[in-house]
Amino acid sequence: MPDKNAPAPNLILGEADGGRLADNIMHFGRVLRRAGLPVGPGKILDAINAVTTVGVTSREDFYWALHAVFVNRRDQREVFDQAFHVFWRNPNLLEKMLSVLLPSFKGDEVTQQESTLSRRVAEAMAQEQSKEGEGSESAEQEEELELDATLTFSGREVLNNKDFEKMTTQELAEARDSIKRLLLPLGKVKTRRFERHSTGPKLDMHATMRASVRRGGDMILMRRKRPRQIPPPLVILCDISGSMDRYARMLLHFMHALTNDRDRVHTFLFGTRLTNITRYLRYKDPDDAIDRVTEAVEDWSGGTRIGQTLHDFNKNWSRRVLGQGAVVLLITDGLDRDGAAGLSDEMARLHRSCRRLIWLNPLLRYDQYSPKSLGARAMMRHVDEFRPIHNLESLSQLADALKHDHGMSRQDMARWKEMAA
Amino acid sequence: MSISALPASVDDTLDMLSGGQYVADRSLSTALYLSLSLNRPLFLEGEAGVGKTEIAKVLSKQLGRRLLRLQCYEGLDVSSAVYEWNYARQMVEIRLAEAQHDRPRESLESNLFSERFLVKRPILQALEDTGEGPAILLIDELDRTDEPFEAFLLEVLSDFQVTIPELGTVRAKEPPIVIITSNRTREIHDAIKRRCFYYWVDYPDAERELEILGVKAPQVGENLSRQIVAFVQKLRNMDLFKQPGVAETIDWAHALTQLNHLALDPQTVNDTLGTLLKYQDDIARIQGSEASRLLEEVKSELNGAN
Chain A
1 MPDKNAPAPN
11 LILGEADGGR
21 LADNIMHFGR
31 VLRRAGLPVG
41 PGKILDAINA
51 VTTVGVTSRE
61 DFYWALHAVF
71 VNRRDQREVF
81 DQAFHVFWRN
91 PNLLEKMLSV
101 LLPSFKGDEV
111 TQQESTLSRR
121 VAEAMAQEQS
131 KEGEGSESAE
141 QEEELELDAT
151 LTFSGREVLN
161 NKDFEKMTTQ
171 ELAEARDSIK
181 RLLLPLGKVK
191 TRRFERHSTG
201 PKLDMHATMR
211 ASVRRGGDMI
221 LMRRKRPRQI
231 PPPLVILCDI
241 SGSMDRYARM
251 LLHFMHALTN
261 DRDRVHTFLF
271 GTRLTNITRY
281 LRYKDPDDAI
291 DRVTEAVEDW
301 SGGTRIGQTL
311 HDFNKNWSRR
321 VLGQGAVVLL
331 ITDGLDRDGA
341 AGLSDEMARL
351 HRSCRRLIWL
361 NPLLRYDQYS
371 PKSLGARAMM
381 RHVDEFRPIH
391 NLESLSQLAD
401 ALKHDHGMSR
411 QDMARWKEMA
421 A
Chain B
1001 MSISALPASV
1011 DDTLDMLSGG
1021 QYVADRSLST
1031 ALYLSLSLNR
1041 PLFLEGEAGV
1051 GKTEIAKVLS
1061 KQLGRRLLRL
1071 QCYEGLDVSS
1081 AVYEWNYARQ
1091 MVEIRLAEAQ
1101 HDRPRESLES
1111 NLFSERFLVK
1121 RPILQALEDT
1131 GEGPAILLID
1141 ELDRTDEPFE
1151 AFLLEVLSDF
1161 QVTIPELGTV
1171 RAKEPPIVII
1181 TSNRTREIHD
1191 AIKRRCFYYW
1201 VDYPDAEREL
1211 EILGVKAPQV
1221 GENLSRQIVA
1231 FVQKLRNMDL
1241 FKQPGVAETI
1251 DWAHALTQLN
1261 HLALDPQTVN
1271 DTLGTLLKYQ
1281 DDIARIQGSE
1291 ASRLLEEVKS
1301 ELNGAN
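Here the protein sequences come in this chain order: A and B.
Per our numbering: the first sequence = residues 1 to 421.
Per our numbering: the second sequence = residues 1001 to 1306.
Think of the hints as simulated: they come from the structure by calculation, not from any bench.
Any given hint could be a false lead.
Stated by the list, open to error - Computed list of lysine to any residue pairs in SDA-like fashion (alpha-carbon distance at most 25 Å, straight line):
no.	chain 1	residue 1	chain 2	residue 2
1	A	K225	B	V1092
2	A	K202	B	E1084
3	A	K202	B	F1117
4	B	K1193	A	N260
5	A	K225	B	Y1073
6	A	K225	B	V1078
7	A	K225	B	V1119
8	A	K315	B	R1184
9	B	K1193	A	G323
10	B	K1120	A	R210
11	A	K284	B	R1194
12	A	K202	B	M1091
13	A	K225	B	D1077
14	A	K202	B	S1079
15	B	K1193	A	R193
16	A	K315	B	F1241
17	B	K1193	A	N276
18	A	K284	B	A1151
19	B	K1242	A	W317
20	A	K315	B	Q1243
21	A	K190	B	N1183
22	A	K188	B	A1151
23	B	K1242	A	G325
24	B	K1242	A	S353
25	A	K190	B	R1144
26	B	K1193	A	D263
27	A	K315	B	E1047
28	A	K284	B	D1190
29	B	K1278	A	R319
30	A	K202	B	R1144
Given these sequences and hints, build the entire structure.
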């Protein structure tokens, strides 16, 4: 490529570095791809071109040249920045590059030294490194998903409510897949708006008239329309109290994917108080979004006051977010610190103001679970559906079930209600 | 109706509103004055029954302008908000064209889609120049529509023009005065709010509410008015699902005079609570002992004040 572009005065890529810079850029691109950025071969070629054009005299120019190529959305900047500083970490980069020109990163070092490093970047580095050094076994093992009953995602990391940012790309991909399948089945509702349709129930006079004029008015060809269908608004109320702690990370990713997949999703977290996190979840990058959520929420893993928080929701939010036939996903284990004070009334009101109220309870993973706690009994009377949500598997089960029968069978629901009675 | 000039200052605006029997505070007058003098829509948000729609009505009366009201609802579309073609007449026109074989076909389209067959709806009417000065366009309860209609409004609100594919762009010579109200059953997009001056219409304080009652229900005695206002203010401090608005206060005052009451007593309050509170839970909570307790408090406070 130096023959095509006029080579920068200070650098002729093929000569100056024995061809290793191009290799390194390629490796860097692969690291970014593993970290979730959309980097294809074309981008890597662009990046090499860009670096050739700008030259590598200054680290800053080098940074921004790569930035200009690899980053095309605001929320990718953080990942790029981290990856850049770790990958090209040697401050004497240029001298090194011009002399020895070895890849100047070490995956293991990285994970140990940069404790604040986003897990996605670290993982991407480690993988890239291990591919190079043929010693891929250990890395592969570490990366494997363990979906046991307690939902500790990774064997080496104890799930901690403060560590939401450390979800791996593999987990993300899995979660996104499950969630995508979950989205379809929440049936659509008719709107009062119309779209053209060849056999729709209503006559579209405007289109009919235009069509007949186009033919000179000799024939009047009927054009029809039908009501347009859209998914109803979705409101998620998620419990983040102590007893829900170990599901919190996955649930946040679940809610993040839902929020970004469709319009009209509102998300609230509750423990001892209610927090609307919809706006934070709009950040496209999940790590970024969840960072902001952790900052905004003050009552992580405390007690639960379901009655009080539902009261707040009903009073301040229900009229604003439950319009137009919303479906509510209530995610909680039903363990209430307040002894279910006022819970039944608030649940009744919530049930009356939405189209469908679905209770997702992680405790359902136990076969012997029965809704006997005060909170669970108060809530059970007012829900349309009762489903497990404790791992990615249960998410896809939920999706399948919803897709096929559009809701729970009456017998199942009646059985639960009987147990709670 | 003669057209009055727009108010020239915040004080003027305040006078104009009070002239129309609307008791406003200075913050609202300021927002309204800005919107009138800078030709930007005024976006009024607040609970139901605090007098948002009333502002547009008073403006229309005081300024002597046409009031064009667009009540929003879900699925409101261009054909009911802006324009529609008169299809029946168009059909007849086509039949006539057929009967007269000598008419060239090319002229048919321009003929059919001419202003003769256009049915104008509020927004188009508001952009029209009738020689009576700019109209007042009230877009009521915008939160009831859906996002597509909001998006459509963006063009109308920033450029005061609409495009009719068959006719071209209609642009207002003088922009209409636009008042938008919302009950906040849904958040309105920031892009709409950005084009407007925003004002949150709150419940009035006791003094202002008494003033409003004096204007809107003058037949109610001084003593009863004070009791009514004090009682309603007490209710607003309580944790109710829906607090009573000003409209409810006025309704209650009318109801009480209709029933020939000169003062509040527990029985009367219980019987007429339905005019104030519109949710069964709230009524059940206040009715009976709670109402008597509030009434006791109100009476002792009023006696203490005198």
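Each hint tested on the structure:
Restraint check for K225 (chain A) and V1092 (chain B): satisfied, since their Cα atoms lie roughly 23 Å apart, inside the 25 Å limit. Our distance criterion of 25 Å between C-alpha atoms is met by K202 (chain A) and E1084 (chain B), whose separation comes to about 16 Å. At roughly 22 Å between alpha-carbon atoms, K202 (chain A) and F1117 (chain B) fall within 25 Å of each other, so this suggested pair holds. A C-alpha spacing of about 23 Å is found between K1193 (chain B) and N260 (chain A), which places the hinted pair at or below 25 Å, so the restraint holds.
Under the criterion of a C-alpha separation no larger than 25 Å, the hint pairing K225 (chain A) with Y1073 (chain B) is consistent with the structure, at around 20 Å. Between K225 (chain A) and V1078 (chain B), the direct Cα distance comes to roughly 15 Å. Compliance with the 25 Å bound is thereby established for this hinted pair. Of the supplied pair hints, the one linking K225 (chain A) and V1119 (chain B) holds, its CA atoms being roughly 21 Å apart against a limit of 25 Å. Among the hinted pairs, K315 (chain A) with R1184 (chain B) is consistent with the structure: their alpha-carbon atoms are about 13 Å apart, no more than 25 Å.
Under the criterion of a C-alpha separation no larger than 25 Å, the hint pairing K1193 (chain B) with G323 (chain A) is consistent with the structure, at around 20 Å. Distance restraint check for K1120 (chain B) and R210 (chain A): the Cα-Cα separation of roughly 19 Å lies within the 25 Å cut-off, and the hinted pair is therefore satisfied. Using a Cα cut-off of 25 Å, the hinted pair K284 (chain A) and R1194 (chain B) holds, with the two alpha carbons roughly 24 Å apart. Annotation: proposed proximity of K202 (chain A) to M1091 (chain B) holds, straight-line Cα distance about 18 Å (limit 25 Å).
The straight-line distance between the Cα atoms of K225 (chain A) and D1077 (chain B) is roughly 14 Å, inside the 25 Å bound, and the hint therefore holds. Taken as a hint, the K202 (chain A) and S1079 (chain B) pair is honoured in the structure, with Cα atoms around 15 Å apart against an allowance of 25 Å. Between K1193 (chain B) and R193 (chain A) the alpha-carbon distance is near 24 Å, which keeps this suggested pair within the 25 Å criterion. Using a Cα cut-off of 25 Å, the hinted pair K315 (chain A) and F1241 (chain B) holds, with the two alpha carbons roughly 6 Å apart.
Under the criterion of a C-alpha separation no larger than 25 Å, the hint pairing K1193 (chain B) with N276 (chain A) is consistent with the structure, at around 21 Å. Taken as a hint, the K284 (chain A) and A1151 (chain B) pair is honoured in the structure, with Cα atoms around 23 Å apart against an allowance of 25 Å. For the proposed pair K1242 (chain B) and W317 (chain A), the alpha carbon gap of about 12 Å is at most 25 Å, so the pair holds. Annotation: proposed proximity of K315 (chain A) to Q1243 (chain B) holds, straight-line Cα distance about 11 Å (limit 25 Å).
Between K190 (chain A) and N1183 (chain B), the direct Cα distance comes to roughly 24 Å. Compliance with the 25 Å bound is thereby established for this hinted pair. Proposed proximity of K188 (chain A) and A1151 (chain B) is supported: the alpha carbons are some 22 Å apart, at most 25 Å. Among the hinted pairs, K1242 (chain B) with G325 (chain A) is consistent with the structure: their alpha-carbon atoms are about 20 Å apart, no more than 25 Å. Simply put, K1242 (chain B) and S353 (chain A) have alpha-carbon atoms about 14 Å apart, close enough for the 25 Å limit, and the pair holds.
Using a Cα cut-off of 25 Å, the hinted pair K190 (chain A) and R1144 (chain B) holds, with the two alpha carbons roughly 16 Å apart. Between K1193 (chain B) and D263 (chain A) the alpha-carbon distance is near 19 Å, which keeps this suggested pair within the 25 Å criterion. Restraint check for K315 (chain A) and E1047 (chain B): satisfied, since their Cα atoms lie roughly 12 Å apart, inside the 25 Å limit. Taken as a hint, the K284 (chain A) and D1190 (chain B) pair is honoured in the structure, with Cα atoms around 19 Å apart against an allowance of 25 Å.
Straight-line distance between C-alpha atoms of K1278 (chain B) and R319 (chain A) comes to about 15 Å, which keeps the hinted pair within the 25 Å bound. Taking the CA atoms of K202 (chain A) and R1144 (chain B), the gap is about 24 Å. The hint holds against a cut of 25 Å.
Violated hints: none; the structure is consistent with every hint.
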